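Going line by line, the protein sequences match chains A and B. For the working numbering, count along the first sequence from 1 and bump the result up by 6. For the working numbering, count along the second sequence from 1 and bump the result up by 447.
If you're looking for bench data, these hints aren't it; they were derived computationally from the structure. Hints may be right or wrong, so weigh each one.
To be verified - Taking beta-carbon pairs under 7 Å as the criterion, some of the chain A residues facing chain B (in silico):
| hint | residue |
| --- | --- |
| 1 | MET7 |
| 2 | VAL89 |
| 3 | GLU91 |
| 4 | ILE257 |
| 5 | ARG262 |
| 6 | MET340 |
| 7 | THR363 |
| 8 | ARG377 |
| 9 | GLY410 |
| 10 | MET412 |
Predicted model only: the values in this text are computed from it and were never measured. We treat Cβ as the ideally placed atom computed from N, Cα and C, and that holds for glycine.
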Amino acid sequence: MKLFPIRGGIHPDYRKELTSEKAIVALPLPAALYIPLQQHIGAPAEVLVAEGEMVKKGQMIARNQGAVSASQHAPTSGRIRTVTEVTAPHPSGLPQTTVILEPDGKDEWGELPEPIADPFAADAHAINGRVARSGIVGMGGAAFPSAIKLNLGEQKKLDTLLLNGAECEPYLTCDDRVMREYPDEIIDGARIMAHALGTPRIVICIEQNKPQAIEIMTRAASTFAAIEVIPVPVQYPMGSERHLVQAITGIETPARKLTADLGVVVHNVSTARAVHHAVRFGRPLVARVVTVSGGALREPKNILTPIGARVADLVEFCGGFSARPESVVNGGPMMGQPLPSLDVPVVKGTSGILALTAEEINDRPASACIRCGSCVTICPCGLSPVEMSAFIRKDNLEGAAKLGVMDCFSCGSCSYVCPSHVPLVHYFNYAKGALNDLERERSKNERIKTLAEVRIIRIEKATEAKRAALAARKPASDTASPGNSPSSNSDEAKAATDEKANA
Amino acid sequence: MSIATVKKSGPFAHGTSSVQKTMFLVLLALTPATVFNLYLFGWPAILLFAVTVGACVAVEAGCLALAGKPVKVTLADCSAILTGWLLAMSLPPWAPWWIGVLGAIFAIALAKHAFGGLGQNVFNPAMVGRTVMLISFPVAMTIWVAPHPLFSAGAPGLFEAFAITFGGNVPDTMSAASALGHIKTELSRGIPVTQSMAQVPDLMDMTLGYRAGSMGETSLLLILAGGLFLMAKRIISWHIPVSMMGSLFLIAALFHAIDPARFTSGTFHLVSGATFLGAFFIATDYVTSPVSKSGQLIFGIGVGLLTWSIRNFAGYPEGMAFAVLLMNSLSPIIDQYTRPRAFGRNRKGEPLPLEKKP
Ligand code: SF4
Ligand code: SF4
Numbered sequence: 007m008k009l010f011p012i013r014g015g016i017h018p019d020y021r022k023e024l025t026s027e028k029a030i031v032a033l034p035l036p037a038a039l040y041i042p043l044q045q046h047i048g049a050p051a052e053v054l055v056a057e058g059e060m061v062k063k064g065q066m067i068a069r070n071q072g073a074v075s076a077s078q079h080a081p082t083s084g085r086i087r088t089v090t091e092v093t094a095p096h097p098s099g100l101p102q103t104t105v106i107l108e109p110d111g112k113d114e115w116g117e118l119p120e121p122i123a124d125p126f127a128a129d130a131h132a133i134n135g136r137v138a139r140s141g142i143v144g145m146g147g148a149a150f151p152s153a154i155k156l157n158l159g160e161q162k163k164l165d166t167l168l169l170n171g172a173e174c175e176p177y178l179t180c181d182d183r184v185m186r187e188y189p190d191e192i193i194d195g196a197r198i199m200a201h202a203l204g205t206p207r208i209v210i211c212i213e214q215n216k217p218q219a220i221e222i223m224t225r226a227a228s229t230f231a232a233i234e235v236i237p238v239p240v241q242y243p244m245g246s247e248r249h250l251v252q253a254i255t256g257i258e259t260p261a262r263k264l265t266a267d268l269g270v271v272v273h274n275v276s277t278a279r280a281v282h283h284a285v286r287f288g289r290p291l292v293a294r295v296v297t298v299s300g301g302a303l304r305e306p307k308n309i310l311t312p313i314g315a316r317v318a319d320l321v322e323f324c325g326g327f328s329a330r331p332e333s334v335v336n337g338g339p340m341m342g343q344p345l346p347s348l349d350v351p352v353v354k355g356t357s358g359i360l361a362l363t364a365e366e367i368n369d370r371p372a373s374a375c376i377r378c379g380s381c382v383t384i385c386p387c388g389l390s391p392v393e394m395s396a397f398i399r400k401d402n403l404e405g406a407a408k409l410g411v412m413d414c415f416s417c418g419s420c421s422y423v424c425p426s427h428v429p430l431v432h433y434f435n436y437a438k439g440a441l442n443d444l445e446r447e448r449s450k451n452e453r454i455k456t457l458a459e460v461r462i463i464r465i466e467k468a469t470e471a472k473r474a475a476l477a478a479r480k481p482a483s484d485t486a487s488p489g490n491s492p493s494s495n496s497d498e499a500k501a502a503t504d505e506k507a508n509a
Numbered sequence: 448m449s450i451a452t453v454k455k456s457g458p459f460a461h462g463t464s465s466v467q468k469t470m471f472l473v474l475l476a477l478t479p480a481t482v483f484n485l486y487l488f489g490w491p492a493i494l495l496f497a498v499t500v501g502a503c504v505a506v507e508a509g510c511l512a513l514a515g516k517p518v519k520v521t522l523a524d525c526s527a528i529l530t531g532w533l534l535a536m537s538l539p540p541w542a543p544w545w546i547g548v549l550g551a552i553f554a555i556a557l558a559k560h561a562f563g564g565l566g567q568n569v570f571n572p573a574m575v576g577r578t579v580m581l582i583s584f585p586v587a588m589t590i591w592v593a594p595h596p597l598f599s600a601g602a603p604g605l606f607e608a609f610a611i612t613f614g615g616n617v618p619d620t621m622s623a624a625s626a627l628g629h630i631k632t633e634l635s636r637g638i639p640v641t642q643s644m645a646q647v648p649d650l651m652d653m654t655l656g657y658r659a660g661s662m663g664e665t666s667l668l669l670i671l672a673g674g675l676f677l678m679a680k681r682i683i684s685w686h687i688p689v690s691m692m693g694s695l696f697l698i699a700a701l702f703h704a705i706d707p708a709r710f711t712s713g714t715f716h717l718v719s720g721a722t723f724l725g726a727f728f729i730a731t732d733y734v735t736s737p738v739s740k741s742g743q744l745i746f747g748i749g750v751g752l753l754t755w756s757i758r759n760f761a762g763y764p765e766g767m768a769f770a771v772l773l774m775n776s777l778s779p780i781i782d783q784y785t786r787p788r789a790f791g792r793n794r795k796g797e798p799l800p801l802e803k804k805p
């Protein structure tokens, strides 16, 4: 199949050899699991259990609420110690409502929903419902509730399910291992998803630096004509949804549109495997494979981890630190987030935990930009980091916004190549945050303004009506104009919808 | 356990490039051509080279100290050495010492630090130094000498070299005209190019560098080798050198075809003067050239065309430095108009129309 080039990108030091040959091993059950109610993009789930309650593995302990949300399930059997606030795995270090579960060691499955006997005969709703009920979110890192993405078939005409096995982030090998060890589960999950989406075609993209995975997946897919395994060039950030779709279709997803508008839906390979478990066995998402790696770790591993195990548990399982880690990162080194502490839990979107030494990070103090232009050449979004950062440094956020800073997805390529070590991504994250705040402030003000206007209109209408009533009463009662009141009603109705829209 | 340092955002991986490394590689690439030319022009050239580079470093240190910036750390980026090096290479090899020192002051203090230091300057510092010297001291800046290789018969010894560099005594017998200068003078006397070309060194000598000229510009082969090295190391890209030399060659060839008596050939323009040095080492200066590749193409074409125009129509036989400075002033504007197109948007920044797959 013909591949299309993507713009920019870099070739970082991949260091995947630290874990690529490490078969997946299961983490011994820790003393307690910490399950945050919000592990995904969207609203937190609503807790269903109380202190002291005994739960079984797979039992729903928090239900999704709102349009975008995902439920949580007990990763093992045990007793609910408490529901409380615990530091979230996010650089802010803010606390989050978390269910703390003490495993009883039996690891006993509870009652699970019946397997869907023939998923290819089932309708899309049944499958999406099962995926939603199983708390599955995108496991590549973004953690967007998968059922919503599987529903796209209802609104748009889709032709391709693209399974993302690119794994372009350095160090991470969890998808690589899952593809090598469970190819049939992935293929089955992908076929079920394609069926739910109504896409006739499945494309599985794997970066060429994973030859075994490519071979094994190709073999596993060979019996299905609709599935194609496509080796894609090793080029960070090839695994970005939009760039991968461009590599396959040659089309850039227009700004503010989704890849689904081009007919392509992208899911991670591990997500497909989770769908297989949910549909074929009724098992919810309660564990995932995490690459625990980095130069500061004594023994890097790929670990099958129950959701809610603390990072400290994983580190201990890897023999602890052999050197002082300069940073501990949640995710890959390019787009991952620094962790505030080792006490945070592994969540559904945690693809990697990296303990990196200062030499690996190789950050140095920033010096003056020498306008070398490297950042412009490699930006996969076609932005001009050098100019945007110059604006942001002068606190000209509007200027940076005009140059497209909101289109930046913080892939980190520019910071990676900058010879002056200008903290470009840091600037952009700051600017995006500040611009978002401004925008929120603006819409809030507008809303207040609308509310105030609505109130004025209402008062005016009321006085008008009063006056009309007075005037009507004076001469004769039959001249009262009835035309006024419906119109005022409809005005208010409109204002009320405006209010809602602004809310 | 908590980790002591949760610092700025990612990435938590960085490439190995650094400003110092970049500058060092450029110096390395310049070395063969420099060594050859220092050999070719002997002790006076070596003295002037040392004085110029030394002066640039000294002025840089002074400016940094005055501005309250860290002196040692910043000097280590090698940018002052590179500026001094390039300035020296653009001077007549037997020019007096004060040309190097004054040039250094203009290059470093005025063109660089007055604008805010490394990365902030609009104009190429070395070319500012050279151009100001040329305008202020046209005589001292146009005394060319024929090659006098070190230790060859007739070459000045170290002692005589001191008299030349620090005493300003260039023996008349040793001076020679540069090829570009020769053609220009002859033209002004009414002698057509077709005739005057007979006296310039042949293509072989021009290419190997056995000719009169600025201290570092004569050896095309070695400069080309250095330029290719930088390209292989991805320090520079082909865009500026190719577009600059290409446009210079094409316009020269075109006019040569129209009027060979008045205009020299494209090849002659390529091999003479500072074309090679300019294309690979001067116009490619990061700070003062556009950041995007398309901008660099425009920039290179501009330098090429302006160089040719100045060589043919202005009072100076060589126009590379002027051309670079003129285009430097346009870099910010070129940058503005050659921004890459953002992903998923058209050039105006609007979202692309939705295109269905074929
Ligand atoms: S990569 Fe760094 S030094 Fe080069 S232009 Fe961009 S910000 Fe400046
Ligand atoms: S972090 Fe943003 S600006 Fe930098 S290369 Fe990636 S998309 Fe471009």
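Does the CB of A/MET340 sit less than 7 Å away from some CB of chain B? holds, 5 Å
Hinted contact A/ILE257 with chain B - closest CB pair below 7 Å: holds, 6 Å
For the restraint on A/VAL89, tell me whether the closest CB of chain B is nearer than 7 Å. violated, 23 Å
Interface hint compliance - A/MET412 to chain B, C-beta minimum distance less than 7 Å: With a closest approach of 10 Å, the A/MET412 hint is violated.
Going by Cβ atoms only, is A/MET7 closer than 7 Å to chain B? violated, 13 Å
Hint check, A/THR363 versus chain B [nearest Cβ-Cβ separation less than 7 Å]: Violated, about 10 Å.
Interface restraint verdict for A/ARG262 against chain B (beta-carbon cut-off 7 Å): Given a least distance of 5 Å, the restraint on A/ARG262 holds.
A/GLU91 as chain B interface residue, shortest Cβ-Cβ below 7 Å: Violated: closest Cβ of chain B sits about 17 Å from A/GLU91, beyond 7 Å.
So, A/GLY410 near chain B? Judge it on the closest CB pair being under 7 Å. holds, 5 Å
Per the CB criterion, is A/ARG377 less than 7 Å away from chain B? holds, 5 Å
Hint compliance for this structure: hints 1, 2, 3, 7 and 10 are broken, all remaining hints hold.
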